[in-house]
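Student: Okay, here's what each chain looks like letter by letter:
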Amino acid sequence: MVEGDGNLFSMIRLQGVSKQYAENSVGLSNIHLAIEAGEFVSVVGQSGTGKTTLVKLLIAEEQPTSGRIEVGGWDISRLPRRDVPVLRRQIGVIFQDFKLLPKKTVAENIAFALEVAGETRARIRRVIPQVLDIVGIGEKHERYPHQLSGGEQQRVAIARALVHRPKILVADEPTGNLDAINTHEIIEILKKINSFGTTVLLVTHNREIVNHLAKRVITLLNGAVVADEVKGKYRLS
Amino acid sequence: MLSLWRIIKFSFEDIARNFSLSAMTVLILVLMLLSVNTLVAVRLLTDEAIANIKDQIDVSVYFHPEATAEELAAAKNYVESFPEVRDLIFLSREQTLEKFRAAYEDNEKVMSSLGELGDNPLGATLIIKTREPSDYEKIITALSVPEYEGIIESKTFGDTQTTIDKVHTITGQVERFTLFLTSLFAVIAFVIVFNTVRVAIYTQRIEISIKKLVGASNWFVRGPYLMESLIFSILSVGITLVAIYFSTRLLDPFVAAMFAKPHLLTDYLLSHILELAGLQLAAVLLLTAATSTLAMRRYLRV
Chain A
1 MVEGDGNLFS MIRLQGVSKQ YAENSVGLSN IHLAIEAGEF VSVVGQSGTG KTTLVKLLIA
61 EEQPTSGRIE VGGWDISRLP RRDVPVLRRQ IGVIFQDFKL LPKKTVAENI AFALEVAGET
121 RARIRRVIPQ VLDIVGIGEK HERYPHQLSG GEQQRVAIAR ALVHRPKILV ADEPTGNLDA
181 INTHEIIEIL KKINSFGTTV LLVTHNREIV NHLAKRVITL LNGAVVADEV KGKYRLS
Chain B
238 MLSLWRIIKF SFEDIARNFS LSAMTVLILV LMLLSVNTLV AVRLLTDEAI ANIKDQIDVS
298 VYFHPEATAE ELAAAKNYVE SFPEVRDLIF LSREQTLEKF RAAYEDNEKV MSSLGELGDN
358 PLGATLIIKT REPSDYEKII TALSVPEYEG IIESKTFGDT QTTIDKVHTI TGQVERFTLF
418 LTSLFAVIAF VIVFNTVRVA IYTQRIEISI KKLVGASNWF VRGPYLMESL IFSILSVGIT
478 LVAIYFSTRL LDPFVAAMFA KPHLLTDYLL SHILELAGLQ LAAVLLLTAA TSTLAMRRYL
538 RV
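Line by line, the protein sequences are chains A and B.
If you read the first sequence in the numbering used here, its first letter stands for residue 1, the second for the next number, and so on.
If you read the second sequence in the numbering used here, its first letter stands for residue 238, the second for the next number, and so on.
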């Protein structure tokens with residue numbers, strides 16, 4: 001087990017975090033975690049074990065019932081609404097369903113994330129090719145999402161998540177809708193992003209990915225951490 | 238500044254996406270404003286009508302033919318001393334007779350009766366105009382003293398107060414109806430603006446969730462809806478004022494036939510354009526902004 005309270009400067013730190021929805025519905029139960037800057041961590045568990053709840057807590061979509069969550073030393077447990085956008089510009093998030101705007105091109109989808117943050121046109125023009133280059137889809141910047149494969153759409157989503165140069169990239173089942181080849185490519189991109197120093201939190205129930213990565217694995221069961229290994233394997237049946 | 242520009246851009250995109258609903262919102266706001274302006278026009282015409290009636294009201298004091306010049310001068314000075322008196326016309330016995338003849342020149346019976354009498358049977362006349370119709374009663378009462386009653390044959394005061402009361406009653410009813418119509422349109426506008434924003438939020442829920450996901454500020458998410466309210470308000474006030482301008486041009490000839498003022502409505506509109514536009518814009522903006530805020534609070538949790 002990796003000790004959750006050992007490092008004072010963890011990128012992500014959860015201390016006794018619980019999330020209860022209804023009386024008999026527990027999302028997370030007394031979680032202690034510490035994830036260091038630059039780590040690549042897989043969070044595994046079957047459906048309904050609290051993986052998505054963990055993501056929602058990290059992006060302040062929900063607040064914990066009890067406990068303390070820190071992101072980059074910032075206590076986000078009771079984050080005021082006005083501060084949520086500031087947090088989300090520091091955490092890139094990608095999802096299984098990509099969440100791209102269908103009526104905007106690849107470049108426009110990425111520009112959108114910068115526009116809402118008030119970035120200048122000059123910076124938007126500069127950043128778009130950079131992030132598209134990282135995910136290797138630069139030549140398709142004028143295409144619409146429906147003209148791209150699932151893997152390509154996820155690359156666009158990753159590119160968009162990178163525009164604010166986040167310290168953390170949270171990937172919630174990013175390969176859930178992809179075939180084996182695209183899954184492999186997306187994981188390679190995540191590893192590449194991790195190699196730049198970005199902390200990557202990969203939420204998945206894909207055994208092959210987890211075993212192939214051979215990096216830290218946190219296993220959740222019924223909202224609790226049941227295993228936390230530095231070079232872990234997918235151990236759920 | 239850049240964010241404001243983008244909020245304006247997003248709000249125009251929203252309007253284009255929900256064009257029919259946006260057009261309906263503007264239409265209802267225009268109808269509401271038209272009824273408000275009808276109210277303004279009714280007020281203007283009422284005031285003008287009442288001013289005209291007031292101008293036509295006077296009280297005539299008919300003196301006995303035997304009243305001496307000194308007595309008449311004293312009575313005239315007495316009436317003149319009242320601050321309520323705006324205008325005073327004194328007609329001598331001859332002038333009164335001349336006026337009487339002119340008034341009844343077509344009436345043979347009256348004219349022959351006058352001829353049979355031979356001598357001028359009429360006394361001098363004092364025609365009094367006061368500042369307000371309510372002042373006439375005061376003047377009549379003031380003249381009902383023994384000092385003057387002896388030389389006064391009669392006092393006539395047309396039943397103009399009744400006419401004014403009637404004008405007030407009719408215009409009051411018109412105003413109440415227009416006010417009811419305005420309130421009705423305000424309620425409809427409220428419901429429609431509310432639904433416009435609600436539908437916009439619903440159709441853009443994915444876009445909104447993505448905006449929030451990538452770190453858009455609350456102002457950036459809510460801004461376009463408030464901007465839409467501003468656009469709806471400006472558009473509706475603009476369209477209404479143009480419609481009102483052409484309507485006044487169209488109605489002025491009919492109004493001129495009653496009030497002898499060729500451009501009464503248009504002149505009023507043009508001389509009060511800033512006041513009318515400003516007040517109506519403020520009122521509509523308040524209505525649409527409050528409605529949008531309510532819809533956002535209910536359906537858009539940022």
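Mixed in with the good hints there might be a few duds.
Lysine-lysine pairs mimicking DSS-like chemistry, simulated, CA-CA at most 25 Å apart [said to hold, decoys possible]:
1. 191(A) x 140(A)
2. 375(B) x 104(A)
3. 103(A) x 246(B)
4. 346(B) x 291(B)
5. 231(A) x 192(A)
6. 246(B) x 99(A)
7. 313(B) x 366(B)
8. 346(B) x 313(B)
9. 192(A) x 233(A)
Computed footprint of chain B on chain A; a stretch qualifies when at least three of its residues, placed anywhere within it, have a C-beta under 8 Å from a C-beta of chain B [to be verified]:
10. 71-78
11. 85-95
Note that these hints are calculated values from the structure, not bench results.
Even for Gly, the Cβ is constructed at its ideal location relative to N, Cα and C.
Student: Check each numbered hint against the structure and report the violated ones by number, ascending.
Tutor: Violated hints: 2, 4, 8, 10; rest satisfied.
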